[in-house]
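In order, the protein sequence lines correspond to chains Y and H.
Under the working numbering, the first sequence has 45 at position 45, and the numbering climbs by one with no breaks.
Under the working numbering, the second sequence has 1008 at position 8, and the numbering climbs by one with no breaks.
Source of the hints: derived by calculation from the structure; they are not laboratory data.
Wrong hints could be hidden among the right ones.
Subject to a maximum C-alpha distance of 30 Å in a straight line, what follows is the list of computed BS3-like cross-link-like pairs (lysine-lysine) [stated by the list, open to error]:
no.	chain 1	residue 1	chain 2	residue 2
1	H	K1071	Y	K9
2	H	K1037	H	K1068
3	H	K1071	Y	K57
4	Y	K57	H	K1098
5	H	K1071	H	K1037
6	H	K1037	H	K1098
7	H	K1056	H	K1037
8	H	K1056	H	K1068
9	H	K1068	Y	K9
10	H	K1110	H	K1037
11	H	K1042	H	K1110
12	Y	K57	H	K1110
13	H	K1042	Y	K57
14	Y	K9	Y	K71
15	H	K1110	H	K1098
16	H	K1037	Y	K71
17	Y	K57	Y	K9
18	H	K1071	Y	K14
19	H	K1068	H	K1098
20	H	K1068	Y	K57
21	H	K1037	Y	K9
22	Y	K71	H	K1098
These are the residues of each chain, in order.
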Amino acid sequence: NAGVTQTPKFQVLKTGQSMTLQCAQDMNHNSMYWYRQDPGMGLRLIYYSASEGTTDKGEVPNGYNVSRLNKREFSLRLESAAPSQTSVYFCASSEARSRGNSPLHFGNGTRLTVT
Amino acid sequence: GESVGLHLPTLSVQEGDNSIINCAYSNSASDYFIWYKQESGKGPQFIIDIRSNMDKRQGQRVTVLLNKTVKHLSLQIAATQPGDSAVYFCAENTGGFKTIFGAGTRLFVKA
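The task is simple: from the sequences and hints, build the whole structure.
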């Protein structure tokens, strides 16, 4: 099984450009998540989707939108990229249904630079 | 800090020794705790978890200890190997869908 697959692996954007980060999981997991990882800040939750058809804000949602396209896919969109959004973005999924008491399974990340 | 951080706490151990990585968590309402390992260029990988009704759980070469009184979590790795070199994160969950990650500790294993 591939697990959690993220595309692209690397991306460079100019300030103001938009892009969508793609994520798909093949584990039939219910919940999916987007995190960002910055030096000195650890992993911070941007948005999550507890189940197909629902999305909720995490700790740092400003400047991002998400779409839970179906049970497998959860995309993250930057409408107008800013240098502060330079980061490594990780998608994760979990079996969790009613509460987050199952471990997260992560993809290998998208390294985004905004100039 | 995390895998690309410049100021991560660092633990250096000799190959074959036991490693202990410590973590202080913040929320006394947290009831589920997880340890992740992150190698360079990869996403975090689940190692072991523990629920708040337990104080110890063992896996293969790893043990997690939970002390709720002082809000402390530790990960013990037995007979540390070069392949254990990575950044280790503790994480806590209070029952919702938001998992909060610690800053991470970098483990170096000297051959």
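Status of the hints after comparison with the structure:
Proposed proximity of K1071/H and K9/Y is contradicted: the alpha carbons are some 37 Å apart, above 30 Å. In summary, the hint linking K1037/H to K1068/H is supported, as the alpha carbons are separated by about 23 Å, within the 30 Å threshold. For the given pair, K1071/H sits about 27 Å from K57/Y by alpha-carbon distance, which is consistent with the 30 Å threshold. Under the criterion of a C-alpha separation no larger than 30 Å, the hint pairing K57/Y with K1098/H is consistent with the structure, at around 10 Å.
This hinted pair checks out: K1071/H and K1037/H have alpha carbons roughly 21 Å apart, not beyond 30 Å. The straight-line distance between the Cα atoms of K1037/H and K1098/H is roughly 19 Å, inside the 30 Å bound, and the hint therefore holds. Distance check on the hinted pair: K1056/H and K1037/H sit about 19 Å apart at the alpha-carbon level, within 30 Å; holds. A hinted pair counts as satisfied when its Cα atoms are at most 30 Å apart, and K1056/H with K1068/H qualifies at roughly 11 Å.
About 39 Å separates the Cα atoms of K1068/H and K9/Y, which puts this hinted pair outside 30 Å; it is violated. For a cut-off of 30 Å, the pair hint linking K1110/H to K1037/H stands: about 18 Å separates their Cα positions. Note on K1042/H and K1110/H: the hinted pairing holds, with a Cα-Cα distance of about 22 Å set against a maximum of 30 Å. Simply put, K57/Y and K1110/H have alpha-carbon atoms about 42 Å apart, too far for the 30 Å limit, and the pair is violated.
Between the alpha carbons of K1042/H and K57/Y the distance comes to roughly 25 Å, so the proposed pair stays at or under 30 Å and holds. A C-alpha spacing of about 22 Å is found between K9/Y and K71/Y, which places the hinted pair at or below 30 Å, so the restraint holds. Under the criterion of a C-alpha separation no larger than 30 Å, the hint pairing K1110/H with K1098/H is inconsistent with the structure, at around 36 Å. Between K1037/H and K71/Y, the direct Cα distance comes to roughly 26 Å. Compliance with the 30 Å bound is thereby established for this hinted pair.
Restraint check for K57/Y and K9/Y: satisfied, since their Cα atoms lie roughly 24 Å apart, inside the 30 Å limit. A distance of roughly 43 Å separates the Cα atoms of K1071/H and K14/Y; the hinted pair therefore is violated under the 30 Å criterion. A threshold of 30 Å between alpha carbons decides the hint, and for K1068/H with K1098/H the separation of about 20 Å falls inside it, so the pair holds. Our distance criterion of 30 Å between C-alpha atoms is met by K1068/H and K57/Y, whose separation comes to about 29 Å.
About 20 Å separates the Cα atoms of K1037/H and K9/Y, which keeps this hinted pair within 30 Å; it holds. This hinted pair checks out: K71/Y and K1098/H have alpha carbons roughly 19 Å apart, not beyond 30 Å.
Figure legend: structure checked against the earlier numbered hints; hints not met, in rising order: 1, 9, 12, 15 and 18.
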